[in-house]
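Protein chains in written order, with the numbering used here: chain A, 4 to 263; chain B, 136 to 365.
Quick caveat, the hints were computed from the structure, so don't treat them as lab data.
Treat the hints with caution; some may be incorrect.
What the hints assert, rightly or not - To spell it out: a stretch of chain A is covered by chain B in this simulated footprint if at least three of its residues, at any positions, have a beta carbon under 8 Å from a beta carbon of chain B; those stretches are:
(1) 41 to 51
(2) 77 to 89
(3) 158 to 169
(4) 191 to 198
As the list claims (entries may be wrong) - A few chain A residues facing chain B, derived, Cβ under 8 Å:
(5) 38
(6) 73
(7) 121
(8) 172
(9) 175
Glycine included, every Cβ here is placed at the ideal spot set by N, Cα and C.
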Amino acid sequence: MSFLKTAVMTAAAALIATTALAEDKREVRIGTEGAYPPFNYYDQDGNLVGFDIDIANALCEAANFECTFVVQDWDGIIPGLQANKYDAIIASMSITPARAEVVDFTKKYYNTPGRFIVLSGDTFDLTPGSGLAGKRVGVQGATTHENFVRATWPEAEVVTYGTQDEANADLASARVDLVMADSVVLLEGFLKTEDGECCEFYGDSYNTPEFHGEGAGIAIRKGEPELVEAFNTAIETIRADGTYAKINEKYFDFDVYGAN
Amino acid sequence: MDFEGYEWVFWEGTTVTILVGLVSLPIALVLGLFGAWAKLGGGPIIRALAGAYTTAVRGIPELVLILLIYYGLTIIIQDAVSALTGSDEPVDLPRFATGTMTLGVIYGAFATEVFRGAYLAVDRGQIEAARAYGMNRVLAFRRVVLPQMWRFALPGLGNLWLVLLKATALVSVIQLPELIRMTQIAVGATREPFTFYFAASLIYLAITAASLLAIRSAEKHADRGVARRL
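Next comes chain A alone, as it looks inside the complex (with noise of 0.2 Å):
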């Protein structure tokens, strides 16, 4: 027995990848997308950057962490959280109650809403429940939108995608009738671009709770009350002292962060 722990320590000793840790500034690993714009992306000399990363530092700024930035594929990040690959998401991760069974989420740090977009022109019949029959609805795979588009709208036929740009793509060569994504996404991802100029937004902003949630989350493994608490606080600093508020200004044109 204490062969095999030996063994398993010396194992694990070996395995460690991180142990140094700052005297007073606590070190926390932020695992974030970095295909996401513009929330969070590379820039042309390959710098992360983008409204969650200029978040994550001022907020690592306001809690008095070292932060270092993990960047993961979307498939895999809360299984890399789960993992302890890195210690928080701050990837616009919206928080629901499904993954909230997984992980904890600080409170927001944005929420913006869902919106359609549509080939200029066309409309539709959007009556939740027996509206849009029969019509290709584009949507990122695994996301809210799929989930409330599937709910809100069951007759309609859903088609899932990797990742927004390909449901763009297929709206813009007329492969679906209409795609459902995060209004601030499509603004800035789509409809402002060349490629964009084929559409635009179509019926209300929709932000159900039970579907969409409270809003964009920082993700913590769970048991980690501690870290949940120092992100929340971060939030309420920035929040306060403006730094929210010219990172809001550097991105958008409107108040991102939603209701109090």
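For this one, chain A is given, so just place chain B on it according to the hints.
Frame of chain A, contents of chain B only:
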């Protein structure tokens, strides 16, 4: 094509893709040789184990296996360490080693069947003749069976390599930024999916073309004894 300053994603991605492929391949080949040996020459228990390996690995989707090994194993080790030492130090498996080992294990199962088929294709009389000359089993395998096995195995192995090369895209889920993942990053930033995916597919095609040349010359080399006699 205008890459808007994002050319660097291709260099970085291609490097990782080729490295992952080149390191996974020998692992797969060694496992394949062992697997074929186990299936053909092992006792009932070894044969059953080899059978379980090829069945399970070829049956489970690669992506699931990678996630299970990289994340599942990390969580198990982490829990064991926390239980034994009470420490919450993060345990991390090296990504490159985990990714290539996993791909090696997966494609080792396919290589097992390639080698098994190749061994069976070698004329029994050749082995009997080698033994009759007084060679022991190892020497007969090295001098007589293996050189002829290569001839039969190479087309299958070449195929395996080309499939493996594209399966390297799966390691992006464990934070290894290979070509597809890097392309997605550039697409995310530039919103030019067609330009970047098209360029990425040309790169895969170029690697494939180069691989085919190498495979052909390897086949020529393996066929040298046969070609003379025909």
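Against the structure, the hints come out as follows:
1. Residues of the segment 41 to 51 of chain A lying with their CB closer than 8 Å to a CB of chain B number 6, which satisfies the three-residue condition for coverage.
2. As drawn, the segment 77 to 89 of chain A meets chain B at 8 residues by the rule of a beta-carbon pair under 8 Å; at three or more, the given contact holds.
3. Beta-carbon proximity to chain B at under 8 Å applies to 3 residues in the segment 158 to 169 of chain A; the threshold of 3 is reached and the given coverage holds.
4. Beta-carbon proximity to chain B at under 8 Å applies to 4 residues in the segment 191 to 198 of chain A; the threshold of 3 is reached and the given coverage holds.
5. With a least beta-carbon distance of about 3 Å to chain B, the hint placing residue 38 of chain A at the interface is held under the 8 Å criterion.
6. Because the beta carbon of residue 73 of chain A sits about 7 Å from the nearest beta carbon in chain B, less than 8 Å, this interface hint is met.
7. Annotation: residue 121 of chain A was flagged as interfacial toward chain B, and the flag is violated, the nearest CB pair being 19 Å apart, outside 8 Å.
8. With a cut of 8 Å, the hint placing residue 172 of chain A at the interface with chain B holds, because the nearest CB-to-CB distance is about 6 Å.
9. At a threshold of 8 Å, the smallest CB-CB gap from residue 175 of chain A to chain B is about 11 Å, leaving the interface hint violated.
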